[in-house]
Amino acid sequence: METVPGYTGIARALLERAGARVGDRIRIVQRDGRVFEGILMPRYALSAKPIIVIKLDNGYNIGVRVDEHTEITVVKTREAILREAAAGAPAVVPLLEEQPPLEKRPRVMIIGTGGTIASKIEYETGAVKPAMSARDLVEAVPEIGFIAEVSAEVLMNILSENMRPEYWERIVDAVAKSIAEGFEGIVVAHGTDTMAYTASALAFAFRGLPVPIAFVGAQRSSDRPSSDASFNLISAVLVAARAPFAEVTVVMHGETGDTYALAHRATKVRKMHTSRRDAFQSINARPLARVYPFERRIELVSEPLQRRGEQELRVMNGFERKVALVKYYPGMDSEIIDFLVDRGYRGIVLEGTGLGHVGEWLVDSIRRAVENEIVVVMTSQTLFGRVNMNVYATGRKLLAAGVVPGDDMLPETAFVKLSWVLAHSSSFEEAKRLMRENLAGEINPRHTVDLYPRWPH
Amino acid sequence: MIEPKVDPSKYDPRELGLKAGLEIHQQLNTRAKLFCNCPTRLSSEDEPGDEFVRQLRPTRSELGEVDIAALFEWRKGRMYHYHAPRATSCLVEADEEPPHEINQEAVVIGLAVALALGATPVDEIHVMRKIVIDGSNTTGFQRTAIIALGGSIELESGKKIGIATIAVEEDASRKLREEGRYVHYMLDRLGIPLIEISTEPDIETPEEAYEAALAIGQLLRLTGRVKRGIGTIRQDLNVSIRGGVKTEIKGVQRLELIPKIVLYEAIRQKRLLEIRDELKRRGVRQEDIDAQEIADVTDVFKKTKSKIIARAVKRGGRVLALKLPGFHGLLGVEVQPGRRFGTELADYARFWGGVGGLFHTDELPGYGISAEEVEELYKLLNAKKGWDAIVIVADEEPKARKALEAVKERAKMALEGIPKETRAAQEDGTTKFMRPQPGSARMYPETDIPPLEVTKELLNKARKIVPEKPHEKLEKLVRKYGLSEQLARQIIRDIHLDLFEKLAEKYGSRVAPSYIASLFTNILRSLAREGVPVSNLSDTHIEEIVRAIAEGKVSKDAVPDLIKYLAENPSRSVEEAVRELGIETVPVEKVEKLVEEAVKQLEAEIRARGLAALNKVMGRVMPKLRGKVDGKLVASIAKRKIEELLGGN
Chain A
1 METVPGYTGI ARALLERAGA RVGDRIRIVQ RDGRVFEGIL MPRYALSAKP
51 IIVIKLDNGY NIGVRVDEHT EITVVKTREA ILREAAAGAP AVVPLLEEQP
101 PLEKRPRVMI IGTGGTIASK IEYETGAVKP AMSARDLVEA VPEIGFIAEV
151 SAEVLMNILS ENMRPEYWER IVDAVAKSIA EGFEGIVVAH GTDTMAYTAS
201 ALAFAFRGLP VPIAFVGAQR SSDRPSSDAS FNLISAVLVA ARAPFAEVTV
251 VMHGETGDTY ALAHRATKVR KMHTSRRDAF QSINARPLAR VYPFERRIEL
301 VSEPLQRRGE QELRVMNGFE RKVALVKYYP GMDSEIIDFL VDRGYRGIVL
351 EGTGLGHVGE WLVDSIRRAV ENEIVVVMTS QTLFGRVNMN VYATGRKLLA
401 AGVVPGDDML PETAFVKLSW VLAHSSSFEE AKRLMRENLA GEINPRHTVD
451 LYPRWPH
Chain B
1 MIEPKVDPSK YDPRELGLKA GLEIHQQLNT RAKLFCNCPT RLSSEDEPGD
51 EFVRQLRPTR SELGEVDIAA LFEWRKGRMY HYHAPRATSC LVEADEEPPH
101 EINQEAVVIG LAVALALGAT PVDEIHVMRK IVIDGSNTTG FQRTAIIALG
151 GSIELESGKK IGIATIAVEE DASRKLREEG RYVHYMLDRL GIPLIEISTE
201 PDIETPEEAY EAALAIGQLL RLTGRVKRGI GTIRQDLNVS IRGGVKTEIK
251 GVQRLELIPK IVLYEAIRQK RLLEIRDELK RRGVRQEDID AQEIADVTDV
301 FKKTKSKIIA RAVKRGGRVL ALKLPGFHGL LGVEVQPGRR FGTELADYAR
351 FWGGVGGLFH TDELPGYGIS AEEVEELYKL LNAKKGWDAI VIVADEEPKA
401 RKALEAVKER AKMALEGIPK ETRAAQEDGT TKFMRPQPGS ARMYPETDIP
451 PLEVTKELLN KARKIVPEKP HEKLEKLVRK YGLSEQLARQ IIRDIHLDLF
501 EKLAEKYGSR VAPSYIASLF TNILRSLARE GVPVSNLSDT HIEEIVRAIA
551 EGKVSKDAVP DLIKYLAENP SRSVEEAVRE LGIETVPVEK VEKLVEEAVK
601 QLEAEIRARG LAALNKVMGR VMPKLRGKVD GKLVASIAKR KIEELLGGN
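Protein chains in written order, with UniProt numbering: chain A, 1 to 457; chain B, 1 to 649.
None of these hints come from the bench; they were simulated from the model. Don't take each hint at face value.
What the hints assert, rightly or not - What follows is a list of derived Cβ distance ranges for each label pair: (1) B:Lys76 <-> A:Arg135: 48 to 56 angstroms; (2) A:Glu255 <-> B:Lys76: 43 to 51 angstroms; (3) A:Arg34 <-> B:Thr455: 43 to 51 angstroms; (4) A:Ser151 <-> B:Gly180: 32 to 40 angstroms; (5) B:Glu409 <-> A:Leu451: 53 to 61 angstroms; (6) B:Gly180 <-> A:Lys322: 58 to 66 angstroms; (7) B:Glu409 <-> A:Pro244: 42 to 50 angstroms; (8) B:Pro39 <-> A:Arg135: 42 to 50 angstroms; (9) B:Thr455 <-> A:Glu161: 32 to 40 angstroms; (10) B:Glu101 <-> A:Arg17: 29 to 37 angstroms; (11) A:Val74 <-> B:Ala528: 43 to 51 angstroms; (12) B:Pro450 <-> A:Val35: 25 to 33 angstroms; (13) B:Phe72 <-> A:Gly318: 49 to 57 angstroms.
Quick reminder that beta carbons are idealized off the backbone N, C-alpha and C, glycines included.
All chains should be modelled from the sequences, with the hints used to inform the complete structure.
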């Protein structure tokens, strides 16, 4: 194991010569006589500065610049420090004094895939570690024990941006197994950046769903008192345990305050803000429900597609990898489409302008793609509204070239859907037909006036 | 036996082995906040803004420790209602956006102060998160970073007080009010940079604590880059005595209160040690206290005349009692003027049990509780009169039980002496229990902010703004602005020093700097004494007044009236005020005309009495001109006109 992570050059040499490891108490003596003493911390900065970071007795970290005249000695080892700390530590106080009721509660499975929703801070280094045993979770968020009998499993620990379709497939399998085991609801803890993609993938893969699945994440890491992790997790467990609908949902903060969460339909939800708690919003649809975690209440907002227990579990797992999501921009080169065709791609989702357009110089390349039986689907980069390719000439040309209009589907949803459709249809024609069918609530045929937000002005 | 009353004049802090340290927090006057680009000014509640309600959850340390005070607030269902003015807060204050990099302007000012104190800057600045649980930080922690270590400040006596650390940190939100379980906070102040200077515990008398606070405050003002006004500087104290325990005292509002608080805390510790010794002398042991069971004594108070108890029982509560063996008489002992040992127990009952208070036998019979009821209590608890004390609490059963368990714990601590506490300063100089001292685990790295290397460039920038030493500044004020030494001494101590220098620089050629200085040291102060709300005046008001004088639009005579008007109507401009008050200066031609008229009317008398009639002329003219023109000018014109009249003959 790395003993002085992050250190390079002279700083590393000095630490190694002293036999110091992160967590040891060290003394640094400078040539000018200045002395610093504290616990050696790991270095996270990516630059190779000759600086050693120590934690002073008052808890503060400082960086000390070192050179060849600096002398470092180990005053006390990490093990000795931890032993002393453990000896003096008071008994662990539970967060809640009350114990969960003994009566039967719905069984809920929490599947961890990564992200910071349920993690522990290492105070010494500031590193965040996953904490996903059921005991850890109930200990950290005891409220969930009052709502459900909770089981938990860490399936993977993947940063949201590193998610891939093969992981979707593993998650589908794990969820299917838990449903088969009789869990009455499933919570999937997931990093927020690509949560909507994974949730959509499950929405298409489960053709019959008897119980709710709630994806949940955190925009503020759970090591801080203001984290949204607990609030969201309680809300998600509530949805999994008690929601009347059996759909794949994303359950996150409904507004910036801690008042209610929203359960969004997986195929209609999008992360619309880099950092806000209420980053997730339903686009071209209302959310499925408002969730009040403190009152333990769920208020339906939209009509569910299917209710709990109505259907039998049918899993159609598998996603085509050769699918691309391409955003059109002014002047885009047709070579980009040609490249995908030549590389054997089977599907392309275009994020076109406005009602569903791209520069007319791309039409020939797109026609060639379709002739090669590549399914080309048009969505809009405006996100709000429906594509309509009959209004302008370019749209009509694209239709003539064989482009499938994506209706009001979000580009990301259309991408996941096409990945799924291509893995489960027997012909090019069937794939095109399925793309226009509403399989998992991804298409909303009616847009009322209120479905568009009013921005501040 | 201990004398129950405490007489502060009988205690010599040096004999008690007093040691105190200071923590001074001062807002910096930077362009932007410490971790975002919001301005560093305050907003009013009626400015446009947004509101939201949040909770804060206690977090656990590696060792599973959880901050007890945080846990209690959370269990009570405490909610925080934030007011987010759009002009002075953004997503960073709302904890909806990660912090930006640390504001280097604030770091440079901090480093300049560090250099002035002879401290050693650190080589790399690491921002930490310090857990704060009262909701005043939307994140649940305060971001803070040490920028320098060591150094010292010299008192007028020549004694040096060591500096332990110098940090820059973000200020907290402003508490507006509490409504039930909701605490309302304003986000305007959150994130304003503070410098925190912590001294070593080198302070040995209450007066030294005051002098050190004064000296540090003056040094900070001499940078010219700190905020002034109510709430921009705050002091915390650490106090211990020989054999005592370092106690933290938060929220000292007024500088003048420091000596009293320090002395009172030293006395409290001494008294608690005396109580400990008395308990030992009586042979009271931990086991004796531990052995006591909490008893339900509701039946004793069936027909009580105590309104508090009757009301609690009527609401479904119970009366619980705890015997404190061998404590008779000690609960009535004052630890600070007006605060008895029983008050300390009550603080614990309130904090841990959430009850309103308690009764104890050292103050009974009383408060409607009869001698018979007390008698009955002693009998029921098998307690010895004149030896044991009994504490009772009337409230909902679980609350009352928790309260008495806390009292039991606190009573056990009395055998050891002084518990480690954070206490809150009160207006009368006493302190009350606020919370147990938090553990060291409440500090961890702010991983969202990269460390900042203290480079040569940064240090050079700091060197350029290192504040002058007070005596250097004094010389400069005398030399450059021609102030008398006395006036220079006054202005150097005035919080408006920076504004004075700015105005003297800008308008000094047209308005005497000594007049500008006296505006602060004399006029504003005497108006404040008269009850004029001068704190309403903005710097812009004051500058406009000086400019108006410089431009001859307002006479100095009119200034006090003008200030008074503006203080009472701070939304008005000086121009509007002048018009409203009718104190526009009168053109010289008009003065001459008025004087000529008067001279003509009084011609006979002037001819008879000569220049002695000047007063008569002035008496005619001045009522029409007072406040609108300098009296000296009128006098000189009148004199000239009289001489013309007399000479022309």
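Consistency of the hints with the structure:
Look at Lys76 (chain B) against Arg135 (chain A): about 26 angstroms separates their beta carbons, and that is not inside 48 to 56 angstroms. Under the hint 43 to 51 angstroms, the C-beta atoms of Glu255 (chain A) and Lys76 (chain B), about 24 angstroms apart, miss the expected range. Remark: the range hint 43 to 51 angstroms for Arg34 (chain A) to Thr455 (chain B) is contradicted by a beta-carbon distance near 18 angstroms. Checked against the given bound of 32 to 40 angstroms, the beta carbons of Ser151 (chain A) and Gly180 (chain B), roughly 38 angstroms apart, stay inside it.
The hint said 53 to 61 angstroms for the Cβ distance between Glu409 (chain B) and Leu451 (chain A), and at roughly 59 angstroms that hint holds. Restraint check, Gly180 (chain B) to Lys322 (chain A): a C-beta distance of roughly 60 angstroms satisfies the suggested window 58 to 66 angstroms. About 49 angstroms separates the C-beta atoms of Glu409 (chain B) and Pro244 (chain A), a value consistent with the hinted range of 42 to 50 angstroms. Between Pro39 (chain B) and Arg135 (chain A) the beta carbons are some 48 angstroms apart, a value that agrees with the proposed interval 42 to 50 angstroms.
Distance hint check: the CB atoms of Thr455 (chain B) and Glu161 (chain A) are about 33 angstroms apart, consistent with the given range 32 to 40 angstroms. A C-beta distance of roughly 34 angstroms is found between Glu101 (chain B) and Arg17 (chain A), which places it inside the suggested range of 29 to 37 angstroms. Range check, Val74 (chain A) to Ala528 (chain B): Cβ separation about 60 angstroms, and the 43 to 51 angstroms hint is violated. About 27 angstroms separates the C-beta atoms of Pro450 (chain B) and Val35 (chain A), a value consistent with the hinted range of 25 to 33 angstroms.
Distance hint for Phe72 (chain B) and Gly318 (chain A): a CB-CB separation of about 52 angstroms, consistent with the stated range 49 to 57 angstroms.
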